[in-house]
Structures are given as structure tokens and as C-alpha cells.
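Read off the chains here:
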Amino acid sequence: MTSDPRNALEQELDGRVPDGLSTLKDDELSDLAELLQAAKQRQSQALDQGIDEALEIVPRVARGSVRKMLFK
Amino acid sequence: MSLNGGVEILKLARLVDAEPEQLGYLQYVAPQDIRDLREQVTVVMFDADRQMLQRVASATKMIPGKLAAAIGERAFGPLLCARVTGLLEPSRAVEIAERLPTEFLAEVAVLLDPRRASRVIAEIPAQQIGEITAALAEREELIAMGGFVGHLPEASLRAAVDAVDDETLLLTAYVIETKSNLGSLVGLLSEQRLESVIRTAHEADLWVEALDVLSYVSEDQRGQLGDIAAAAEDEVLDGMVRTAESEGLWADVLPVTRAMSPDSRTRFAKLESIQSRPLLEQIIRAAHEHRLWPPLIGFATEFEQPTQLQIAELIAEAEDEVLDSLLEAMAADGLQTELASITATLEDADLERFSERLAKRENGDQLSKALEAAA
Numbered sequence: 001m002t003s004d005p006r007n008a009l010e011q012e013l014d015g016r017v018p019d020g021l022s023t024l025k026d027d028e029l030s031d032l033a034e035l036l037q038a039a040k041q042r043q044s045q046a047l048d049q050g051i052d053e054a055l056e057i058v059p060r061v062a063r064g065s066v067r068k069m070l071f072k
Numbered sequence: 001m002s003l004n005g006g007v008e009i010l011k012l013a014r015l016v017d018a019e020p021e022q023l024g025y026l027q028y029v030a031p032q033d034i035r036d037l038r039e040q041v042t043v044v045m046f047d048a049d050r051q052m053l054q055r056v057a058s059a060t061k062m063i064p065g066k067l068a069a070a071i072g073e074r075a076f077g078p079l080l081c082a083r084v085t086g087l088l089e090p091s092r093a094v095e096i097a098e099r100l101p102t103e104f105l106a107e108v109a110v111l112l113d114p115r116r117a118s119r120v121i122a123e124i125p126a127q128q129i130g131e132i133t134a135a136l137a138e139r140e141e142l143i144a145m146g147g148f149v150g151h152l153p154e155a156s157l158r159a160a161v162d163a164v165d166d167e168t169l170l171l172t173a174y175v176i177e178t179k180s181n182l183g184s185l186v187g188l189l190s191e192q193r194l195e196s197v198i199r200t201a202h203e204a205d206l207w208v209e210a211l212d213v214l215s216y217v218s219e220d221q222r223g224q225l226g227d228i229a230a231a232a233e234d235e236v237l238d239g240m241v242r243t244a245e246s247e248g249l250w251a252d253v254l255p256v257t258r259a260m261s262p263d264s265r266t267r268f269a270k271l272e273s274i275q276s277r278p279l280l281e282q283i284i285r286a287a288h289e290h291r292l293w294p295p296l297i298g299f300a301t302e303f304e305q306p307t308q309l310q311i312a313e314l315i316a317e318a319e320d321e322v323l324d325s326l327l328e329a330m331a332a333d334g335l336q337t338e339l340a341s342i343t344a345t346l347e348d349a350d351l352e353r354f355s356e357r358l359a360k361r362e363n364g365d366q367l368s369k370a371l372e373a374a375a
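If you read the protein sequences in the order shown, they are chains A and B. Letter 28 of the first sequence, counting from 1, is numbered 28 in the working numbering, and no numbers are missing. Letter 308 of the second sequence, counting from 1, is numbered 308 in the working numbering, and no numbers are missing.
Quick caveat, the hints were computed from the structure, so don't treat them as lab data. No residue lacks a Cβ here, since even glycine has one placed at the ideal position from N, Cα and C. Keep in mind that the hints are not guaranteed to be accurate.
Said to hold, decoys possible - Ranges between beta-carbon positions, derived for each pair:
1. A:Gln-41 <-> B:Arg-115: 31 to 37 Å
2. B:Ala-155 <-> A:Arg-63: 17 to 23 Å
3. B:Glu-123 <-> A:Glu-53: 56 to 62 Å
4. A:Arg-63 <-> B:Gln-22: 54 to 60 Å
5. A:Arg-63 <-> B:Ser-196: 53 to 59 Å
6. B:Ser-58 <-> A:Ala-38: 26 to 32 Å
7. A:Asp-19 <-> B:Gly-334: 27 to 33 Å
8. B:Ser-91 <-> A:Ala-46: 24 to 30 Å
9. B:Gln-282 <-> A:Asp-19: 32 to 38 Å
Claimed, not checked - Once the Cα atoms are required to be at most 27 Å apart in a straight line, the calculated BS3-like pairs of lysine-lysine come out as:
10. A:Lys-25 <-> A:Lys-40
11. B:Lys-61 <-> A:Lys-68
12. A:Lys-40 <-> A:Lys-68
13. A:Lys-68 <-> B:Lys-270
With the sequences and hints as input, model every part of the structure.
Set out below in C-alpha cells:
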């Protein structure tokens with residue numbers, strides 16, 4: 001994350017911060033950026049974990065081809 | 001009639017899995033800006049891991065629906081299912097959903113972006129939508145329910161509406177994602193249900209929510225709902241008047257008086273609670289600020305003479321800016337006769353002073369002539 005809070009938020013949003021948020025203080029912009037970054041990380045971790053658990057449930061006979069499709 | 005900042009903060013907090021209090025600093029940001037931010041966050045969250053989610057969606061084609069449902073519930077959980085749903089073939093998604101428990105589907109629904117899954121939502125059977133809606137209502141997931149209106153076909157929307165009580169319906173309508181969908185929602189409700197909803201607005205103290213809905217529906221629906229309210233006993237209308245007074249919602253009420261039938265308007269105008277001078281002053285202020293002079297004048301002509309006199313006195317004493325905007329609206333809408341019939345109730349000395357004042361104002365001569373004709 002960059003040290004400039006606005007840039008950091010723009011990086012997380014992958015776009016410009018809405019003009020109306022110009023009234024926010026630096027620590028508030030940082031908080032938003034951190035919340036968003038954490039949410040994305042949690043989602044990615046949940047996906048990794050979900051895929052591992054899913055492969056346990058898929059019958060062995062199909063597991064190889066499903067794994068291949070997921071990690072091609 | 002604007003977006004609600006608190007609701008927008010709640011929606012954003014849910015998206016980033018935070019408590020609304022954590023985003024308290026957004027309360028000073030305009031609701032539309034919070035909404036714009038939420039739109040950006042929605043895109044980012046749904047596009048993150050998209051490649052892998054797309055592969056997961058493709059992989060579900062290789063396994064039976066029953067197994068895909070088991071994986072969804074036991075391995076993926078509601079969040080990932082919500083992210084994958086929009087990437088599945090709708091018929092496949094419906095097949096999987098058929099095998100999932102209602103409670104789980106309700107959890108998925110809360111985390112879904114209905115716009116990204118609208119084809120799937122449209123194909124879920126109406127009965128199942130009704131069951132999911134009942135589960136969402138049980139959890140008081142009003143925002144989630146409000147997001148689905150507009151994406152549900154008529155039969156499903158009907159099933160959803162039938163699955164919730166009046167209070168939930170009103171609260172959901174208040175936080176609905178797209179206010180322009182309120183007309184089609186109200187259009188589905190029977191006269192009997194609308195009567196029940198209006199009664200609930202009174203009994204559950206939900207006039208703020210009901211008046212908000214009234215401000216977004218069509219003129220005909222506004223009239224229909226206004227007529228229903230006017231047909232109720234005094235205490236129901238008194239509740240609406242009290243709310244409009246305490247919350248400053250006359251700009252929502254005046255268009256209702258315009259849309260209701262003449263009989264209903266007369267009945268409303270006879271209501272004792274509306275005859276107080278401070279309240280009439282508030283109504284005149286709202287008519288000025290929101291350019292709602294025509295409905296106010298139409299409503300005022302229905303009042304008994306003593307109330308018309310109070311309105312006439314308030315108009316005669318009004319600041320120049322207020323009087324000028326009234327005269328401008330009168331000239332634009334041809335309301336000279338109606339306005340003259342109200343202001344003609346002034347005592348002779350007051351009427352003389354008012355006429356002198358009119359002589360100095362733009363469009364004042366038109367009202368003066370109408371007053372002479374009325375004399």
C-alpha cells in the first residue's frame with residue numbers, strides 16, 4: 001500500500017475516489033483502503049480454502065480432471 | 001425524497017464485512033457519493049479472483065448438481081456461492097439451488113449482487129423465491145430484499161410480497177435499491193393489502209417510510225393510496241399529519257393531496273389536526289421551498305372559511321420572496337381565481353393593505369383583478 005492515503009484507496013478501488021469523499025481526513029481514507037484490502041484478502045483466502053475443501057468432497061474418480069480445470 | 005445516508009453506509013459496510021459504526025465518518029458525506037463508492041467497491045469485490053471463480057463455475061459443469069450443491073454448502077459457503085452464482089449458466093444455477101436448503105440460499109441472497117445474477121434470479125421458481133423471502137424477512141434482511149425488487153419476474157415478486165407482513169413490506173420499500181421500482185411493487189398489491197399497509201403505517205408508526213414510498217409511485221397510485229388514507233378514521237390521518245409536521249415532510253404530503261379524489265381532499269381538509277396556524281405556516285413554507293404552490297392552493301380551497309382566513313393572513317404577511325414565488329406559480333398555472341377566493345377572506349383593512357402590496361409585485365395585478373372580480 002502506498003503512503004498517500006488517497007492513492008492507497010484509489011489503488012484498492014482501481015479507480016478514482018468519488019469527489020464527495022474529499023472531506024474525509026487522511027486516517028479515514030486509510031481506514032477505507034485497509035477495510036477494502038482486508039475484505040479482498042479474506043475473500044481470496046476463503047476461495048483457496050473452499051477449493052481445497054471442495055476437492056476433498058469431489059469423488060476421487062473425478063478429482064483429477066476437476067483439479068486440472070481449476071489449476072490449468 | 002433522497003437517498004438515505006445511513007442505509008448507504010449499511011450497504012457499504014456489508015460489502016466489506018465491517019460494522020456500520022466503523023464507517024461512521026461517512027455520515028457527513030453525501031449519500032450519492034457513498035453510493036458511488038459502493039458501486040466501485042462492488043465491482044472490485046466481484047472482479048477480485050474472477051479468473052479462479054470463472055474456473056470454479058466451469059468445473060461445476062463436470063459434476064452432478066447434487067454434488068455441486070453439497071460443495072456449495074459444505075466447502076464454499078454463502079460468500080463464494082454468491083460470487084460464483086452470476087458466472088453459472090442460469091439453468092445450472094437453478095438446478096443447484098433446488099437442492100440447497102432455504103436458510104443457506106437466504107445467506108447467499110444477502111451477499112449476492114442481484115444485478116450480476118439477474119438471469120439466475122429470474123429463473124428461480126416463484127415458490128422458492130417466496131420461501132427465501134420469508135427466511136430473509138425472518139432475519140430482517142430488509143436491504144437484501146430491497147435489492148431484488150426489479151430483478152424478480154412478476155410471479156416471483158408476487159410470491160415475495162405475499163411472504164412478508166405489511167411492516168416488513170414498508171421497511172423494505174423504504175430501503176429499496178432502485179426507487180423507480182416502487183411503482184411496479186405497489187402495482188402488485190390488492191386494494192385490500194394497500195388498506196392494510198396504510199393502517200400498518202399508522203399503527204407501527206411508519207409514516208416516514210410510507211410517505212417516502214408515496215413520493216416515488218405514479219400519480220394514479222399516489223391518488224389511490226391517498227384515497228385509502230382519507231377513507232380511514234381521523235386518527236390514521238392525524239398520524240400522517242403529526243409525522244409530516246415533526247419530520248418536515250409536507251413536500252411529500254402536498255402531492256398526495258393533489259392526486260387524491262376531490263371527496264378525499266375535502267375530507268382531509270376538514271381534519272382538525274391540520275387547522276393549526278403553526279402547521280399551516282409550515283405547509284406554506286414547504287410549498288415555497290419545493291415549488292408546490294399549485295397543490296397547496298388546490299388543497300387550501302377545500303378548507304373551511306376560518307382556516308382559509310389563516311392561510312390568507314399567512315400569505316399576506318409572507319416575505320416578498322415567498323409572495324413572489326406564489327404569484328409566479330399562480331400566473332404560470334392560471335390559479336388566480338382559486339387564490340383570490342382564499343385571499344378574499346381577509347378582513348377589509350388587511351385586504352386593503354394586501355392589495356397595496358400586490359400593486360408593487362410582479363404578477364400582483366392579476367391577483368388584484370381576480371380579487372375585484374370575486375368581490
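Hint check:
1. A:Gln-41 <-> B:Arg-115: 31 to 37 Å: violated, 25 Å
2. B:Ala-155 <-> A:Arg-63: 17 to 23 Å: Violated, since Ala-155 (chain B) and Arg-63 (chain A) (Cβ atoms, about 40 Å apart) do not stay within the stated range.
3. B:Glu-123 <-> A:Glu-53: 56 to 62 Å: Distance hint for Glu-123 (chain B), Glu-53 (chain A) is violated at roughly 28 Å.
4. A:Arg-63 <-> B:Gln-22: 54 to 60 Å: violated, 41 Å
5. A:Arg-63 <-> B:Ser-196: 53 to 59 Å: With a Cβ separation near 55 Å, Arg-63 (chain A) and Ser-196 (chain B) satisfy 53 to 59 Å, so the hint holds.
6. B:Ser-58 <-> A:Ala-38: 26 to 32 Å: With a Cβ separation near 29 Å, Ser-58 (chain B) and Ala-38 (chain A) satisfy 26 to 32 Å, so the hint holds.
7. A:Asp-19 <-> B:Gly-334: 27 to 33 Å: violated, 42 Å
8. B:Ser-91 <-> A:Ala-46: 24 to 30 Å: Taking Cβ atoms as reference, Ser-91 (chain B) and Ala-46 (chain A) lie about 26 Å apart, which means the hint holds.
9. B:Gln-282 <-> A:Asp-19: 32 to 38 Å: holds, 34 Å
10. A:Lys-25 <-> A:Lys-40: Satisfied, since the Cα-Cα distance of roughly 23 Å is no more than 27 Å.
11. B:Lys-61 <-> A:Lys-68: Roughly 14 Å separates the two Cα atoms, so the pair holds.
12. A:Lys-40 <-> A:Lys-68: OK: Lys-40 (chain A) and Lys-68 (chain A) at ~25 Å, within 27 Å.
13. A:Lys-68 <-> B:Lys-270: violated, 76 Å
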